[in-house]
Amino acid sequence: MLLTIRSLTKTFPGTQALDAVDFDLAAGEVHALLGENGAGKSTLIKCLTGAYRRDGGTITLDGATIDPQSTVEAQEQGIGTVYQEVNLLPNLTVAQNLMFGREPRRWGLIDSRALRAEARETLRPYGLDIDVDRDLGSYSVAIQQIVAIARAVALSGKVLILDEPTASLDAAEVRMVFDVVRGLRERGLGIVFVSHFLDQVFDLTDRVTVLRNGRKIVTERTAELDRVKLIEHMLGRALEHEVAGQAARTAAVRPPLLEFRGFGRRGVVEPFDLTVGQGEVVGLAGLLGSGRTESAELMFGVRPAQSGEASDGQSRLDLSSPRAAIAEGFGFVPEERKTDGIVAELSIRENIILGLQARRGWARRIPRAEQNRIADDYIKRLDIRTSGREKPIGELSGGNQQKAILARWLAMNPRFLILDEPTRGIDVGAHAEILRLIRELTQAGMSILLVSSEIDELVASADRVIVLRDRRHVAELDGPRVTGAEIMRAIAGGAGRDGEVAA
Amino acid sequence: MNTRALPLYATVVIFLLAYLLCWLQFPNILSTRVMGNLLTDNAYLGIVAVGMTLVILSGGIDLSVGSVIAFSGVFIAVILRETSLHPLVVFALLLALTTAFGAAMGFLIDRLAMPAFIVTLAGMFLARGAAYMLSIDSVPIAHPFYKTLQSAYWLMPGKGRLTLIGVVMLLTVLAGMVVAHKTRFGASVYALGGGEATARLMGVRQGRTTMLVYAFSGLMAGLSGIVFSIYTGSGYSLATVGTELTAIAAVVIGGTLLTGGAGYMFGTLVGVLTMGLIQTYIVFDGTLSSWWTKIVIGVLLLVFILLQKGLLKLSQSRLAAGA
Amino acid sequence: MTLLKRIAPQLVALALLVALVTVFYPGFLKIGVSGDRLVGPMVDVLKRGAPVALLAVGMTLVIATRGIDLSVGTTMAICGAVAAWAVAGGWGLVPALLLALAAGALAGLWNGLLVAVVGIQPFVATLILMTMGRGIAQLITEGRILTFTDAGFAFFGSGSLLGLPVPAWLWLACGLGMAALMRRSALGLLVESIGINRRASALAGVNATVLLIAVYVVSGLCAALAGIVVTADIRGADANNAGLWLELDAILAVVIGGNSLLGGRFSIIASLLGALIIQTIDTGILLAGFPSEYNLVIKAGLVLVILVLQSPRIAGEWRLWRDSHRASREAALHRGAAK
Amino acid sequence: EGETVGFSQIGSESGWRAAETTLTKTQAEERGLKLQFSDAQQKQENQIAAIRSFIAQGVDAILLAPVVATGWDAVLQEAKEAEIPVVLLDRQVDSSDDLYLTAVGSNLVHEGEVAGKWLVDSVGDKECRVVELQGTTGSSPAIDRKKGFENALAGHDNLKIVRSQTGDFTRAQGKEVMESFLQAENGGKDICALYAHNDDMAVGAIQAIKEAGLKPGTDILVVSIDGVPDLFQAMANGEANATVELTPNMAGPAFDALAAYWKDGTQPAKFLQTESKLYTQADDPAGEYERRKGLGY
Ligand SMILES: Nc1ncnc2c1ncn2[C@@H]1O[C@H](COP(=O)(O)OP(=O)(O)OP(=O)(O)O)[C@@H](O)[C@H]1O
Ligand SMILES: Nc1ncnc2c1ncn2[C@@H]1O[C@H](COP(=O)(O)OP(=O)(O)OP(=O)(O)O)[C@@H](O)[C@H]1O
Ligand SMILES: [Mg+2]
Ligand SMILES: [Mg+2]
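Chains as they are written, first to last, in the working numbering: chain G, 1 to 503; chain A, 1001 to 1323; chain R, 2001 to 2339; chain S, 3001 to 3297.
Because the hints were derived from the structure by calculation, they are not lab data. Built from N, CA and C at the ideal position, the CB exists for glycine as well. A couple of the hints might just be wrong.
[Unchecked claim] Covered stretches of chain G (in silico footprint by chain A; criterion: 3 or more residues with CB under 8 Å from a CB of chain A, positions within the stretch not fixed):
| id | segment |
| --- | --- |
| 1 | 157 to 170 |
| 2 | 285 to 292 |
[As the list claims (entries may be wrong)] No more than 30 Å apart at the CA atoms, straight line, and that leaves these computed lysine-lysine pairs for DSSO-like:
| id | chain 1 | residue 1 | chain 2 | residue 2 |
| --- | --- | --- | --- | --- |
| 3 | R | K2030 | S | K3293 |
| 4 | S | K3189 | R | K2030 |
| 5 | A | K1147 | G | K338 |
| 6 | S | K3117 | S | K3293 |
| 7 | A | K1159 | S | K3293 |
| 8 | A | K1159 | G | K338 |
| 9 | R | K2030 | S | K3080 |
| 10 | S | K3080 | A | K1147 |
| 11 | S | K3117 | A | K1159 |
Only chain G is shown next, with the shape it has when bound in the complex (with noise of 0.2 Å):
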């Protein structure tokens, strides 16, 4: 074995998050570590890594006891990471982050010719051809997203560990990071590899360890497993309706609610016209960086439209601002989880009140026993494992902290949600979840606007598709065109480019 784990223990005040956990990994093999979210994933990699001080257990790296007692000695082991969200430095360079530690000097100063060099020589295997030279954070999260894998793959001399890398990738870039993966698995190397996404585990991964609450429940070779069955690790339970084949689209038309004519803003989103039913599950697809996010947010008022106006049928709606759109009855859960959703040293409890609270005004404090209730509530509703409503939301694994940002919108009753990317980072069994719970929403007369990059998942949920392409609103697929096929060759602009616009 290259890297061996034994009873490897971590708790954090209130929570057990990793108990006697064994994990082996063999020289040339990609190894899935899969989970439900706050199963001790991400813990298990910061504690190997030396992010984390362990409480207990041994790491054997090649046959020789290792105490990493930070990611720097790690790094200098052979193990390279890419962590779960904290990814890399947006304030320096593509070149910079990609190099950092290990910038060549001539005379003992860097050597920028030769650091730019290098960094693109980095960058070649994944056909990324940018300008090293820029500020990282100007670039996508995606195109960061594989210089960070580009830079833990350039570390890892033994064993490179990717915690969820794809989790903001679009296929096309899957294929490319594993292409790599593949490359060095061949070399020798041992990957561990994180992951919410079943499909992809069985297409790379040749073993897989299943933890659940911090216990190991199994390690087996994949090829063994099925999907079912694995989900049964995972879950400690079989799932009653994994997603998967078309919602049941009624023909029956919905009495429009909301109508945007012309929407638009200059340089951000070319103007649109979208109508959005009662009851409504309305997808948006398209490649990353296409402008789904923007126009959600142009919706939202988060950056107000120039141009167009949105109505309900009544009246004209003012969306120039967040509180302007909360007030017209809508809601928005956000891509960026991190930055726009959590406020992190608040409790589960404030956040999610957070949104009611606002909208309440400052001087209508929601009594404490009705915060508690409504808290609890929605902890039990969504499932969010925490060890009471108290704790810091920023000490939820990721997957949880999404479902109470859901829970902050839901417990405001909107009558138009618009949900961008609500299942990134999520297990299997919470993804269910929600796919269930906006059916159950829409029949409750909400409507819903589903951002997403999974197009298994707007086939399942969505009534209808807009599909975007370079900031543009290009294609409208309804009733028996949303299918997987139609909206692949929407995106890739192979069919129907004129005359569906707007249908």
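Using the hints, position chains A, R and S with the ligands against chain G.
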């Protein structure tokens, strides 16, 4: 064009524009004499601002520097008065002392996770208090070596003087540029300013870097103290009160973000010269009462910052539209 | 109960400090009665602490939003000058006070607009007013100390009510009132949320811009009160010296109160205790009778010690030590029981 | 005529200094001089920079009220090389006296001595415990006025300085420190006299004494230095006993000396000392107050 350098360009453009405006009103301002003065009079500020830039880039702040400059002057003057040590030896002692002082503050900031603002505020009280304890009186420095240092200048055409301390300041800025932009330590500083948690995960030795940053600032403050003592030929415990704020303002005008992680050392030089230009303009004008002087300095500061912000927005939207 | 737990370190520090001062000046805790008012060093601390305590109230809120207000000292000077000018000009007491408060609110509004709307970093934005403010104050007083004789106004500085000095009542009322307002309404939560993540809060519908401006206005108002107190105290507006460097003491008070300079969770009560701690140091130094040149070093040393003892790392180590101690003791008990 | 004179003023930290600035401006106006005014905000570095700017501008003379005694050699040398006469106002420098034309001012130590002598004379043989309010720690008036006062008290063992703390030259600090003195000295009953390094602190301290229920001027003698209007008013009310005047009109003699120098190169004496006149309650303080009211104090 690289967007990260935009604040720097904005700063330079505004400075040149301001100089032009001053020149239109007072043609004298373009003489080598005034330019030489600008360098000499702001030498101590420029040096201390170099240290401050690095601290701010790392996401911290150092409020102690003004007091450390005063302490340095008093220390040098008292030691030279009491002993027969050569000034160069005293300089070495002093620099070791101020560097250690900076490092100690860095240690507290890192190890005890205390905010830099507060630790260096205490450092500010401490250094000033130490200066008082050395001597309350202002102490003249009579050592002949000081005369040599003071009269070391190159007479530029037009009777302007390029003094030794002005040159030291320029060299310090140069050294600062190398440290910030050309060393791994500098890269770590930017990384820390960009985000501590991320920087740690990327392999920055946070403790070491923090300590070094404040040690560097202490070193610069000590050097600035030496320059200041040459400039005034004495040590005085009440000197340079509030210089830390001037230095911070210069760094900010120079386009460095107070939250850390973004900025250029060269911008700081321009920022310092801008502060000097404001001073010079007010003296040349010579009609402002004591209170209007303060108001005008504040207003000019605001105008510079607003112009910078405006210019930045403009060019960014240009870029966005062009892209 | 949670409040008590929150302010325990400050209470302990204050108690230790009082003990220390008493060693050097045994009469420190003596309280006598002179006429209808209490007199004694502790009463002095309550009174002299008023400006910093008042400033600390506003500063706590500003810092909770991840800001800082360097201009409070000069705002004090401006408001004092306005009040003295109005009183000396025969406007009458109430209009003068209102005018001073309005000036403070205006100063806060200016800061708030620069920070929340123009988007200048708080440190720089308030540095601008800090630079200008004394000039504005001197413009009003024309550089001299503007004295007045209005007894009603002087009451705010040196009067007493129910035995206690009026300034003490002022800061107690202002501090406790503000603390109550923050916790009884939702303001506390909203201020904390914009301090931790302004963007996310705004997306959740919190009116971050208005709230941010309001916080600076409150800070300006607190500075105005402090300015009124010091002006009334010496019966004159000293534009040059009123509130000089007090912003630093106010920030120090907030931090000694255990509030993070990075914004978020805050406690006004703890800041008030911080202000008391600072004033106890200052008064203690005066009473102990050390030579003036030692004042700064003593103050810096004491503040450092207090902060180091309160630092989160030390607290963490202490908890660790205590827990392991407890565990080993429990283990010993078990062993004992087993026997 | 119409010469330009650069004036580098320390700042505007007290009423006295504001008055000095006002008087300098009016004096210049009366003589038809153009005054280039520069306020240094208490910073020597600003003063040095201002003088260099004056030189660069080519003014005809420079007035300098130095914030501190040391550190002027280099810049004065520069002025000398540019052949611009420099006149020092109200404070001295320790540079060689051929670097400036003349210095106008009072003798700070002497002021302290005058104040001390008055106290010695009025107390007589009684035991007297004196408290002292110092100026800003490290400033030359604080140091010299303390020294002069101590000189005057030397040899009179019945007078003892029992407490001495800095009041930063301000009213607020003067009051606060006095309160703690009163506190520490048995409610003030053990204090017989107060010596303040300037009148502002004395005015603050007088309030503290009154608030402690004692009579300033009677229970505690008050002597201070400067002669600002508010203190004359206090004297008129019987709440202060004596002040040593420091005239804010330093510019008058300076301009006279400059005029003579410009005319035929007359070298004035190196030190033009202004009178340090003692005023007591007997010197018509109410009248003095009226005379000084409008001078910009
Ligand atoms: N810094 C922390 N402080 C306190 N508790 C923490 C901290 N980090 C993680 N936890 C807790 O530890 C548990 C495991 O979290 P971890 O982040 O490892 O989950 P995960 O398996 O990576 O989940 P996800 O799939 O959502 O990323 C969770 O219950 C979480 O709340
Ligand atoms: N490949 C790319 N190259 C350069 N810039 C990009 C690229 N992809 C995205 N961007 C920029 O990054 C910004 C944010 O992109 P983002 O991916 O969030 O957009 P999006 O339309 O919301 O797509 P998605 O919702 O899939 O993330 C956009 O303004 C876009 O201009
Ligand atoms: Mg995780
Ligand atoms: Mg998006």
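Here's how the hints hold up against the structure:
1. 157 to 170: violated (count 0)
2. 285 to 292: violated (count 0)
3. K2030/R <-> K3293/S: violated (43 Å)
4. K3189/S <-> K2030/R: holds (17 Å)
5. K1147/A <-> K338/G: Violated - the C-alpha atoms of K338/G and K1147/A are around 60 Å apart, more than 30 Å.
6. K3117/S <-> K3293/S: Holds, at roughly 28 Å.
7. K1159/A <-> K3293/S: Between K1159/A and K3293/S the Cα gap is close to 47 Å, so the pair fails against 30 Å, i.e. violated.
8. K1159/A <-> K338/G: Measuring from Cα to Cα gives roughly 60 Å; hence the hint is violated.
9. K2030/R <-> K3080/S: violated (62 Å)
10. K3080/S <-> K1147/A: Holds, because 16 Å separates the two Cα atoms, which is no more than 30 Å.
11. K3117/S <-> K1159/A: violated (53 Å)
The earlier numbered hints that this structure contradicts are 1, 2, 3, 5, 7, 8, 9, 11.
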